[in-house]
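Number of protein chains: 2
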Amino acid sequence: MNSELIGGIGASLTTIAYLPQVFKIFKTKDTTAISLMMFLLMNIGVTFWLKYGIIIKQQQVLWSNLITLCLAGYIFYIKLKNVIKNKEKI
Amino acid sequence: MNSELIGGIGASLTTIAYLPQVFKIFKTKDTTAISLMMFLLMNIGVTFWLKYGIIIKQQQVLWSNLITLCLAGYIFYIKLKNVIKNKEKI
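Protein chains in written order, with the numbering used here: chain A, -11 to 78; chain B, -11 to 78.
Because the hints were derived from the structure by calculation, they are not lab data.
Heads up, some of the hints might be wrong.
You can't tell identical chains apart in this list, so a pair holds if it fits in one copy or across any two.
Result set (EDC-like, lysine to aspartate or glutamate): computed pairs, CA atoms no more than 16 Å apart in a straight line [stated by the list, open to error]: (1) Lys75 to Glu(-8); (2) Lys69 to Asp18; (3) Lys45 to Asp18; (4) Lys39 to Glu(-8); (5) Lys77 to Asp18; (6) Lys73 to Asp18; (7) Lys39 to Glu76; (8) Lys69 to Glu(-8); (9) Lys17 to Glu(-8); (10) Lys73 to Glu(-8).
Just chain A, with the same shape it has in the complex:
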C-alpha cells in the first residue's frame, strides 16, 4: 500500500468514527459521560486543520475536517445544552 492510500484510509476512518457517536447521542440525548472540554478542544483543533487544508489547497484535508467539524460540533452543542440546563456536569 502506498503512503497516500494509508493516509486516506486514516483520514476517512477518523472522520467516520464520529458518526456512531452522533447517532447514539441523537437517539438518547444523553451526554453525561462525554467531556465538554474534549469536544471544545477538538472543534477548535479541527478548525485549525480546516484552515491548514484551505491554505495548502488540499481537498482531502479540507473535506474530512469540514465533515468532522459538523459531527464533533453537533456532539459539543448537545453536551453544552445539557450542561447549561444543569442536567449534566462538564
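We have chain A already, so just place chain B on it with the hints.
Structure of chain B alone, referenced to chain A:
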C-alpha cells in the same frame, strides 16, 4: 501565521483534546454515553495515521498519533470492559 504552524496547532489540539475525556472516565469509570464504535473506528484510523507518519518519516505526525492512540485506546478499553460486564450498551 504560516501553514506549518497552523497545522501544528491543529495536530496538538486534536491530540490534547482526549486528555479531559480520559481524566473524566478515570475519575467516574462511567462510559454510558460513549460510543464503543466511535472509539473502535478512531483507534483503527489513528493506527493508519501512525503508519503514514512512519512511512513519510514525519516525526510530528508519528508522535501526535502515538499519543492519541494511547489516550483513545484507554477510552476504548474502559468502554469495552463496561460493555463486556453487561453494565453498558455499546
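Against the structure, the hints:
Taking the closest pair of Cα atoms, Lys75 and Glu(-8) never come within 16 Å of each other, the shortest separation being 45 Å inside a single copy and 41 Å across copies. Within a single copy, Lys69 and Asp18 get their C-alpha atoms as close as 11 Å, which meets the 16 Å cut-off; across copies the closest is 20 Å, which misses it. Neither within a single protomer nor between protomers do Lys45 and Asp18 lie at most 16 Å apart by alpha-carbon distance, with minima of 38 Å and 41 Å respectively. Taking identical chains as interchangeable, the C-alpha atoms of Lys39 and Glu(-8) lie at most 16 Å apart only when they sit on different chains, with a minimum of 11 Å there against 21 Å within one chain.
When the C-alpha separation of Lys77 and Asp18 is checked against a cutoff of 16 Å, the pair qualifies both within a copy, at 12 Å, and between copies, at 13 Å. For the identical chains of this complex, Lys73 and Asp18 are intra-copy neighbours only, at 13 Å inside a copy versus 21 Å across copies, given an alpha-carbon limit of 16 Å. Taking CA atoms no more than 16 Å apart as the test, Lys39 paired with Glu76 passes in neither setting, with 32 Å inside one copy and 38 Å between copies. In this assembly of identical chains, the alpha carbons of Lys69 and Glu(-8) never lie at most 16 Å apart, being 39 Å within a copy and 35 Å across copies at closest.
In this homomeric assembly, Lys17 and Glu(-8) never come within 16 Å of each other (Cα to Cα): the closest approach is 38 Å inside a single copy and 38 Å across copies. When the C-alpha separation of Lys73 and Glu(-8) is checked against a cutoff of 16 Å, the pair qualifies neither within a copy, at 45 Å, nor between copies, at 40 Å.
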